[in-house]
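Going down the list, the protein sequences come from chains A and B. For the first sequence, position 126 matches number 126 in my numbering, and the numbering has no gaps at all. For the second sequence, position 116 matches number 116 in my numbering, and the numbering has no gaps at all.
Because the hints were derived from the structure by calculation, they are not lab data. Check before you lean on any hint, since a few could be wrong.
Here are the simulated lysine-lysine pairs, DSBU-like style, with alpha carbons at most 30 Å apart [claimed, not checked]:
id: 1; chain 1: B; residue 1: K98; chain 2: A; residue 2: K211
id: 2; chain 1: B; residue 1: K185; chain 2: A; residue 2: K211
id: 3; chain 1: B; residue 1: K18; chain 2: A; residue 2: K211
Model, not experiment: these values are computed from the prediction.
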Amino acid sequence: MRLFWTQLRRDLLITARGPAEAANPLVFFVLCAAVFGVVAQTAGERLVGHGVVWVLALFANVLAAESLFWRDYEDGTLEQMLIHARPFFPVALGKLAAHWLACGLPIVVLSPLASFVFLGSAADAWMLVVSLLVGTPALTLIGAVGAALTVGVGRGGVLLAVLVTPLQLPVLIFGVGVAAGHGADGGAFALFALAAMLAASITLAPFAVGKALAISQEY
Amino acid sequence: MATSPRRTRGWLRETFHKAGSPRWFFAGSRAWMFGLYVFGGALVLVGSVWGLAFVPPDRLQGDSFRIMFVHVPAVHVAQSVYLAIAVAGLVFLVWRMKMADMFIAAAAPVGLALTAAALATGIIWGMPTWGTGWVWDARTVSTLVLLLLFFGLVALRQAIARSERAALAVSLLAVVGVVNLPIIKYSVEWFTTLHQPPSIRLGQRPAIASVFLWPLGLNALGYYCLAGAAVIAALRTRIVEREAGADWVRQWLAGAARAKAP
């Protein structure tokens, strides 16, 4: 019994010394609440259906992003990529494009099925497919910045989600807006905004990824 | 005549270099910290007593609006703290000034606390005013996102064991976050302006009369001073921790110990 109390005291003490780590799951909980609250507002009566499919795509994306640079970091390939004299931008973009083709595109292709499961028909699923086709690459690009920052940290996906999902919220909002045909123009403006965010993240995110990976190698 | 701009630049450069020196900052900041605590405390005291006791009640909300004198300054200062952190992050990424990183480490918990206070007072204010503590409205959502961004800064630093790497990673995260902040604000406003029935805003933001403006301004200024003092205090602790091996810190500690001994 004494062993039990000693262990309990020790682990609680460790938690108290590094409270942010222990708070990660709680913050993730708040984050999910924020995600669903925002999606519920935007999707309206289509929350079950397009809204839920988008939330699932978001979290699948964040979980997949964790493995983006892991293998290259472990076996030293990443270091070789970075110390090579060629520009890193196309390397990063190529890596992210391959990742999206492998992990993002299948979700887009299968999304009508999910829509069918929730709504019982896939009749208006094409807007969902379009929104995911434009939105998920942007999610991957933003998620990659977080993955590059935490590569080798080894704290699991909760930290990554806590870092990255607040930044992905605009993509989620406009993506659900497109899928649900939100607004007077049936989601047209949201689609433009989504495309603009994709263009911006294609041009900016690889730079941030390169910078973050360089930091991971520096120390 | 021609030397004047050069001299100004020289002065600027000198201050910049000095600001990068923990020792110089530690020596000069003590008086600033106490001054800001006293001045800010006095402002908040005057502003709060004025706002809570002497300002007439609101026509629509009665007395419940008085929480505004806590709520609004907290939000403002929290947003400014995030902006300051992002600037410090850029400075650290470019010049690797360790003071900039220590500033981020010191300011992030202050910003986190202020944002949490803003959300809490917002919920308390919302209950009698909106009839519900929480509304998915542009301001609540973007303040919640700000809370998460602050937490991300704290959590990332704690997750990375090596302090040099943590410093760089947190700086980059702060810069990426501040690029995203306007986009987040814009997107959140887009979905709420279409969906929020205006009746919910009843009495939330009546054009503020000047009777309310004075105590509000005093409180806001006081909050800025107090937040600044708190950040300086946290910075001083970090400096002593980080430079514990340096001669001047040892001497200072020995001097402090001698002063305490009878």
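Against the structure, the hints:
1. B:K98 to A:K211: holds (19 Å)
2. B:K185 to A:K211: With Cα atoms ~26 Å apart, B:K185 and A:K211 stay inside 30 Å; holds.
3. B:K18 to A:K211: Holds, at roughly 28 Å.
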